[in-house]
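S.K.: Sequence:
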Amino acid sequence: MGGCVAVAGAVDPMETMSEAPPASGPRPPRCVAFQSSEPSGKYLCYARQGNGAAADGLLQLDGEDVTSPHTRFFMEPSKAHPGLLHVRCCYDNKYWAAKQLHDGDDDGGWIVGAADEAEEDLSKTTCTLFKTTPGDRSSGYIRFVHAQLQMYACVSKENLHFSLEKGDEDLGGGYIVHDLSQQVVLPRYLAFKGDNGMYLCPQIIERHEYLQFSARGVDQALVNRVHSNQDGTCRIWSNHFGRFWRRSPNWIFCDSPDGATSGDGVDVDTLFRAVSFGSFVALQSLGNNWYCNRLTTEGKKSCLNAGAPTITAEARLRLEEAVASREIYDVVFDLSRPRVHGKTRVVGMAAASALNNAASGDTAQLRLECRDTEKRTWGSSVTVNLGVGAKIHAGVPRITAGGNVEVTDEFSGPYSWGSSMEKETTQDVAYQVTVPPKTRVTVSMVATRASCDVPFSYKQRDTLLDGHQVTHDMNDGLYSGQNCFDFEFVITSEENI
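Numbering (the UniProt record's numbering), first residue to last: 1 to 497.
Keep in mind the hints are simulated off the structure, nothing from the lab. Fair warning: there could be bad hints in the mix.
Distance windows between CB atoms, simulated [claimed, not checked]:
| id | residue 1 | residue 2 | range |
| --- | --- | --- | --- |
| 1 | 117 | 355 | 38 to 48 Å |
| 2 | 312 | 166 | 50 to 60 Å |
| 3 | 39 | 125 | 30 to 40 Å |
Keeping only pairs whose Cα atoms sit at most 30 Å apart, straight-line, the calculated DSSO-like set for lysine-lysine is [what the hints assert, rightly or not]:
| id | residue 1 | residue 2 |
| --- | --- | --- |
| 4 | 391 | 438 |
| 5 | 131 | 343 |
| 6 | 99 | 79 |
| 7 | 423 | 459 |
| 8 | 79 | 343 |
| 9 | 166 | 79 |
| 10 | 42 | 423 |
| 11 | 124 | 343 |
| 12 | 99 | 42 |
| 13 | 42 | 193 |
| 14 | 459 | 391 |
| 15 | 193 | 166 |
| 16 | 193 | 124 |
| 17 | 99 | 124 |
| 18 | 124 | 79 |
| 19 | 131 | 79 |
| 20 | 99 | 131 |
| 21 | 131 | 42 |
| 22 | 99 | 193 |
| 23 | 375 | 423 |
| 24 | 193 | 423 |
| 25 | 79 | 423 |
| 26 | 343 | 438 |
| 27 | 193 | 300 |
| 28 | 343 | 375 |
| 29 | 193 | 343 |
Model, not experiment: these values are computed from the prediction. Every residue gets a Cβ at the ideal spot worked out from N, C-alpha and C, and that includes glycine.
Work out the full structure, taking the sequences as your base and the hints as a guide.
M.R.: Here you go:
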């Protein structure tokens with residue numbers, strides 16, 4: 001599963017979302033974060049469990065980390081209404097929607113809740129479309145207006161949650177949109193492979209700690225440890241040199257002990273942004289905003305240098321997670337927020353007939369064999385997926401009667417993280433039917449097929465190349481599954497046989 005990946009800089013959704021979609025189809029959704037223009041600078045955040053909003057999917061202005069799935073959203077252009085958009089939460093894939101509160105017998109105010117499906121009908125209050133308008137601080141800030149209710153979505157003074165208000169007075173200065181659609185959150189332990197087929201290797205050249213694309217295989221000396229920052233940037237630690245990467249002047253040295261300057265801040269030359277580029281990744285140095293590429297010059301051969309203004313062939317990197325093995329366990333699903341979507345009616349799943357040629361009625365016991373192919377995927381909604389093999393022990397959520405989601409099974413075994421698995425199930429059903437005289441009765445089984453998304457937390461235990469084990473508590477899991485449910489029998493008759 002891919003998940004939200006990437007960002008630098010703020011963007012203007014008024015401009016990008018109003019553009020006509022490309023001829024090949026609708027514009028793909030963009031992953032973004034919304035930062036308040038208020039002094040706190042907090043990010044709009046999908047309310048976590050325990051905040052009194054778990055069942056409602058409420059939004060709050062208390063996010064601090066854009067690497068969290070709670071602060072990431074997808075902006076999806078409307079297919080029918082140019083200039084309007086849907087906003088989908090990265091945490092559970094649900095859409096922003098208007099929800100009315102009730103206070104006793106009276107209708108209360110409106111808040112921004114969550115919906116399983118996008119709704120483009122502007123005549124319905126369940127419409128999930130919003131439009132953006134400029135904020136009051138600068139042209140870089142925007143506000144959201146619910147397209148059907150024509151009410152502003154904001155964090156008002158009276159309501160700490162993201163609510164819908166009729167007027168635009170005293171509603172705050174709006175939000176700046178940070179585009180996260182290309183910048184990726186990197187795994188912790190990595191080896192980098194260059195366009196020459198060689199791995200990035202630490203080398204002492206001219207008494208400096210260089211990084212050179214010269215290794216044919218991966219060992220412990222080539223491992224780098226990624227330290228992600230709250231704004232989505234990262235610092236990279238060389239295991240071999242025991243130092244952070246640093247740009248100087250454009251060569252990348254491994255010589256910074258902690259990434260700090262002499263003041264209170266962080267040395268910008270130790271900060272990098274990972275940008276996705278097709279199946280490759282490029283590293284952008286925040287010291288000069290140029291990309292790191294493989295460079296041969298000044299007596300250095302194929303060394304890492306932040307000197308490419310664009311993503312050239314030499315700046316394209318392949319990533320490999322530097323772990324010997326991985327275990328995923330202690331998986332806890334957030335069943336308060338399952339998303340069930342894409343419901344379709346499936347007919348002809350199984351059928352059986354009984355013929356009665358007699359002059360009187362009779363009963364028949366029919367056997368129906370129902371087959372269904374279920375799909376299931378466990379993955380991360382944030383960190384870039386490199387398809388690392390793992391041993392996983394996790395529950396299997398399924399859609400059950402009435403469209404509810406329950407964990408009904410378990411899976412243990414080897415698994416490629418983020419890949420889709422299929423399981424064929426067979427169910428034998430006995431059905432007794434009354435058959436009138438001179439009649440053929442056919443019993444058919446029909447069902448509803450749908451997909452579900454369920455967020456989950458988990459523990460990840462990695463065994464590194466040197467044998468050491470590290471365990472991390474992760475909160476970015478997202479399960480996706482598909483199965484049939486709500487099975488029904490349909491009886492048809494052919495008379496006068």
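S.K.: State for each hint whether it applies.
M.R.: Going through the hints against the structure:
no. : hint                  : result
1   : 117 / 355: 38 to 48 Å : holds (43 Å)
2   : 312 / 166: 50 to 60 Å : holds (52 Å)
3   : 39 / 125: 30 to 40 Å  : holds (34 Å)
4   : 391 / 438             : violated (59 Å)
5   : 131 / 343             : holds (27 Å)
6   : 99 / 79               : holds (23 Å)
7   : 423 / 459             : holds (25 Å)
8   : 79 / 343              : holds (19 Å)
9   : 166 / 79              : holds (26 Å)
10  : 42 / 423              : violated (43 Å)
11  : 124 / 343             : holds (20 Å)
12  : 99 / 42               : holds (24 Å)
13  : 42 / 193              : violated (37 Å)
14  : 459 / 391             : holds (12 Å)
15  : 193 / 166             : violated (54 Å)
16  : 193 / 124             : violated (52 Å)
17  : 99 / 124              : holds (12 Å)
18  : 124 / 79              : holds (17 Å)
19  : 131 / 79              : holds (14 Å)
20  : 99 / 131              : holds (17 Å)
21  : 131 / 42              : holds (22 Å)
22  : 99 / 193              : violated (49 Å)
23  : 375 / 423             : holds (7 Å)
24  : 193 / 423             : violated (35 Å)
25  : 79 / 423              : violated (34 Å)
26  : 343 / 438             : violated (38 Å)
27  : 193 / 300             : holds (18 Å)
28  : 343 / 375             : holds (15 Å)
29  : 193 / 343             : violated (43 Å)
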